[in-house]
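Line by line, the protein sequences are chains L and V. If you want the numbering used here, it's the 1-based position in the first sequence plus 255. If you want the numbering used here, it's the 1-based position in the second sequence plus 68.
The hints are simulated quantities; they were obtained by calculation from the structure and are not laboratory data. Keep in mind that a hint or two might mislead.
[Claimed, not checked] As a list, the in silico DSS-like pairs of lysine-lysine whose alpha-carbon atoms are at most 27 Å apart:
1. L:Lys350 / V:Lys96
2. L:Lys424 / L:Lys434
3. L:Lys350 / V:Lys231
4. V:Lys148 / L:Lys537
5. L:Lys352 / V:Lys244
6. L:Lys607 / L:Lys548
7. L:Lys350 / V:Lys234
8. V:Lys234 / L:Lys352
9. L:Lys441 / L:Lys296
10. L:Lys548 / V:Lys148
11. L:Lys545 / V:Lys148
12. L:Lys350 / V:Lys244
13. L:Lys441 / L:Lys350
14. L:Lys296 / V:Lys148
15. V:Lys231 / L:Lys296
16. L:Lys434 / L:Lys296
17. V:Lys148 / L:Lys322
18. L:Lys352 / V:Lys231
19. V:Lys96 / L:Lys352
20. L:Lys424 / L:Lys441
21. L:Lys295 / V:Lys231
22. L:Lys424 / L:Lys352
23. L:Lys536 / V:Lys148
24. L:Lys536 / L:Lys296
25. L:Lys564 / L:Lys597
26. L:Lys295 / V:Lys148
27. L:Lys607 / L:Lys564
[Claimed, not checked] Under 8 Å between C-beta atoms, here's a sample of chain V residues computed to sit facing chain L:
28. Ala98
29. Leu151
30. Ile157
31. Ala166
32. Ile167
33. Val169
34. Ile170
35. Val283
36. Asn293
Using N, Cα and C, we set each Cβ at its ideal position, and we do this for glycine too.
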Amino acid sequence: MKELVLDFFSFSDPNVRYVVFGSILLSVSSAIVGCFTFLKKKALVGDVISHAVLPGICLSFMISGTKDPFLLIIGAFITGWLSIVVMDYIIQNSKIKEDTATGLSLSVFFGLGILLLTYIQHSGNAAQSGLDSFLFGKAAALVGKDLVAFGIIAIAILVVVFFFYKEFKLLAFDSAFAKSTGIPVKRIELILSSITVMAVVTGIQAVGVVLMAAMLITPAAAARFWTDRLPYMLLFAAIIGAFSGLTGAFISYAAPAMPTGPWIVMVVSLIAVFSFFFAPKKGIVIRLVKQRKIQRRLLEENILKSLYKIGEINDDFELARNQAEITEMRRFTPNQLVSGLKRLRLQGFINKKNNLWSLTQEGYQKGQRVVRLHRLWELYLTKYLRIAPDHVHEDAENIEHVITPELEKKLEALLEYPEYDPHQTEIPYRQ
Amino acid sequence: MDSFIIILTGSLVAICCGILGCFLILRKMAMVSDAISHAVLPGIVIAFMLGGDLDSIWMLVGAGLVGLLTTFLIEFFHQKGRLQTDASIGVTFTWLFAIGVILVSYYAGDAHIDAECVLYGEIAYVPFDLVYFSGGELYFPRATLISGALFVVSLLFVVFAYKGLKITSFNSDYAKSLGISTLAWHLVFMSMVSITTVLSFEIVGAILIVALLVVPPATAFYSLNA
Numbered sequence: 256m257k258e259l260v261l262d263f264f265s266f267s268d269p270n271v272r273y274v275v276f277g278s279i280l281l282s283v284s285s286a287i288v289g290c291f292t293f294l295k296k297k298a299l300v301g302d303v304i305s306h307a308v309l310p311g312i313c314l315s316f317m318i319s320g321t322k323d324p325f326l327l328i329i330g331a332f333i334t335g336w337l338s339i340v341v342m343d344y345i346i347q348n349s350k351i352k353e354d355t356a357t358g359l360s361l362s363v364f365f366g367l368g369i370l371l372l373t374y375i376q377h378s379g380n381a382a383q384s385g386l387d388s389f390l391f392g393k394a395a396a397l398v399g400k401d402l403v404a405f406g407i408i409a410i411a412i413l414v415v416v417f418f419f420y421k422e423f424k425l426l427a428f429d430s431a432f433a434k435s436t437g438i439p440v441k442r443i444e445l446i447l448s449s450i451t452v453m454a455v456v457t458g459i460q461a462v463g464v465v466l467m468a469a470m471l472i473t474p475a476a477a478a479r480f481w482t483d484r485l486p487y488m489l490l491f492a493a494i495i496g497a498f499s500g501l502t503g504a505f506i507s508y509a510a511p512a513m514p515t516g517p518w519i520v521m522v523v524s525l526i527a528v529f530s531f532f533f534a535p536k537k538g539i540v541i542r543l544v545k546q547r548k549i550q551r552r553l554l555e556e557n558i559l560k561s562l563y564k565i566g567e568i569n570d571d572f573e574l575a576r577n578q579a580e581i582t583e584m585r586r587f588t589p590n591q592l593v594s595g596l597k598r599l600r601l602q603g604f605i606n607k608k609n610n611l612w613s614l615t616q617e618g619y620q621k622g623q624r625v626v627r628l629h630r631l632w633e634l635y636l637t638k639y640l641r642i643a644p645d646h647v648h649e650d651a652e653n654i655e656h657v658i659t660p661e662l663e664k665k666l667e668a669l670l671e672y673p674e675y676d677p678h679q680t681e682i683p684y685r686q
Numbered sequence: 069m070d071s072f073i074i075i076l077t078g079s080l081v082a083i084c085c086g087i088l089g090c091f092l093i094l095r096k097m098a099m100v101s102d103a104i105s106h107a108v109l110p111g112i113v114i115a116f117m118l119g120g121d122l123d124s125i126w127m128l129v130g131a132g133l134v135g136l137l138t139t140f141l142i143e144f145f146h147q148k149g150r151l152q153t154d155a156s157i158g159v160t161f162t163w164l165f166a167i168g169v170i171l172v173s174y175y176a177g178d179a180h181i182d183a184e185c186v187l188y189g190e191i192a193y194v195p196f197d198l199v200y201f202s203g204g205e206l207y208f209p210r211a212t213l214i215s216g217a218l219f220v221v222s223l224l225f226v227v228f229a230y231k232g233l234k235i236t237s238f239n240s241d242y243a244k245s246l247g248i249s250t251l252a253w254h255l256v257f258m259s260m261v262s263i264t265t266v267l268s269f270e271i272v273g274a275i276l277i278v279a280l281l282v283v284p285p286a287t288a289f290y291s292l293n294a
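Given only the sequences and the hints, what does the whole structure look like? Please build it.
Quick look at the structure:
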């Protein structure tokens, strides 16, 4: 294993060099372009283009009779580009929805491509063998010439993105605003789709029709979970792309039966799925944790509030209560109540004695505050928004957990430290 | 006779797809069918490994399950992960497809299966693959039988489920407020779409099935709205 790794990373084998640098160039350039199509919510455009290049490749082979990569790329570019134009035209000029137009353009172009490919394969032209490598890619068979082509296109894409960065950014986030600032939106969009087609046309030779879509979408989707800023998103997407390109190439080097393209996609997809779950701030796990924290806090505040309100009845806040009394004041499920009480006790808000619960000084203050906020808010709604007193409870139930101490002070001052809420219940203040 | 069989088989599949496709485009899920049609590849390969041949019932079950898994993953990433729908579709199906291709190349040595046969199909071979009944006296092309059954099932499905499909497709919020389980309808409908995709892959190929699912309904939609 160690030997294998050393062999691979010394890059002494020219084949390894070609495959590695080809894969990285391809992954990086499509990842960067993909960020913009992703942000425009047109991620599947890559899928459409990659299917639509097939008829172009076949046509240019039929016309020229050779497999000159340059001619094939021109053919691919034309039909790939055409498919986007057709798709946009359908979306803008008919009631057909975006997803349908996407599927329409993709399947019709690809169907045409398969028709032509089948015709070529049955025509008996010996030169045709290998045309179908466009369908599944041949990353492991990249040669020096391919690498030069990839390099030129990757640099061209980077240069275009560099010079049109501001325009692309505006277009991706707010095309209506971009239009209003006088940017030639149509022309910029044309440039963006052109470099997208370019990225797809080159990439497709390495990873194939279907997986090309992943090279555009997946790094961008993964990067989006780690940052909110476009420059970082581009950088992360490029790094993720490069890493997957390298890893995919290594895997197919270590196990020669393994195809490079699908492994690149496999690696990039795993990174993406990992990001969906575990990215800080946006990941599913961290959001669930946050949600649970909030739910717990709401539960705890509601329990303290209930204990306080029970105390209010006989003006006895010291007396310990059992669970049934609390549940009578407000409905909690037994499990919720038990776990909430347990946590509150650990935090020092309540005391437990013989299975009876009473508020501590801190718990009393906190419960009182929630009740105060509830009643202040009810009064505010009736007084300033003229909402009927019997309609304000629900809203106050929510807002009582949210109001900050600063807001609380302002609310008190605005309402001039009122004594009673709209239901003529006393509003408690801290002594 | 051969061409009749080919045309009949193709038409049966096309009619089924057209009927289901109408609801698909009304649900704005045309691209989900594209995703399913690609993503069934690993299902087919795994079922092939387990069942041993391309006719087995495992194939159907495997591909059907993967179809549902695709739908589930797309919804999961979209709703729990808050990933936009288009990206969620793109990430999911390419991932599953990559798994499929990797599996194919892993077993390429000892199995008669290749990705191309799954993806592109070959309707011209339909008349040569026959099933015999009553001691060899009676025989039918297998694919024609399958597509005939598929045709009947999907017709019955749409006839009996018409009301539910219609209401959940046009206005799912309203359906929800009536107490209809939109999720259940979604899953039932998507399993129907995956089964259709799987059964037709040999005939028209898994990718071109999208054309049959999307193009006729879109044409009908356009002409009726124009």
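Here is how each hint holds up against the structure:
| no. | hint | verdict |
| --- | --- | --- |
| 1 | L:Lys350 / V:Lys96 | 12 Å, holds |
| 2 | L:Lys424 / L:Lys434 | 13 Å, holds |
| 3 | L:Lys350 / V:Lys231 | 24 Å, holds |
| 4 | V:Lys148 / L:Lys537 | 10 Å, holds |
| 5 | L:Lys352 / V:Lys244 | 23 Å, holds |
| 6 | L:Lys607 / L:Lys548 | 23 Å, holds |
| 7 | L:Lys350 / V:Lys234 | 19 Å, holds |
| 8 | V:Lys234 / L:Lys352 | 18 Å, holds |
| 9 | L:Lys441 / L:Lys296 | 17 Å, holds |
| 10 | L:Lys548 / V:Lys148 | 17 Å, holds |
| 11 | L:Lys545 / V:Lys148 | 14 Å, holds |
| 12 | L:Lys350 / V:Lys244 | 26 Å, holds |
| 13 | L:Lys441 / L:Lys350 | 21 Å, holds |
| 14 | L:Lys296 / V:Lys148 | 18 Å, holds |
| 15 | V:Lys231 / L:Lys296 | 33 Å, violated |
| 16 | L:Lys434 / L:Lys296 | 18 Å, holds |
| 17 | V:Lys148 / L:Lys322 | 47 Å, violated |
| 18 | L:Lys352 / V:Lys231 | 23 Å, holds |
| 19 | V:Lys96 / L:Lys352 | 7 Å, holds |
| 20 | L:Lys424 / L:Lys441 | 14 Å, holds |
| 21 | L:Lys295 / V:Lys231 | 36 Å, violated |
| 22 | L:Lys424 / L:Lys352 | 25 Å, holds |
| 23 | L:Lys536 / V:Lys148 | 14 Å, holds |
| 24 | L:Lys536 / L:Lys296 | 21 Å, holds |
| 25 | L:Lys564 / L:Lys597 | 20 Å, holds |
| 26 | L:Lys295 / V:Lys148 | 21 Å, holds |
| 27 | L:Lys607 / L:Lys564 | 18 Å, holds |
| 28 | Ala98 | 4 Å, holds |
| 29 | Leu151 | 6 Å, holds |
| 30 | Ile157 | 7 Å, holds |
| 31 | Ala166 | 4 Å, holds |
| 32 | Ile167 | 7 Å, holds |
| 33 | Val169 | 4 Å, holds |
| 34 | Ile170 | 5 Å, holds |
| 35 | Val283 | 6 Å, holds |
| 36 | Asn293 | 5 Å, holds |
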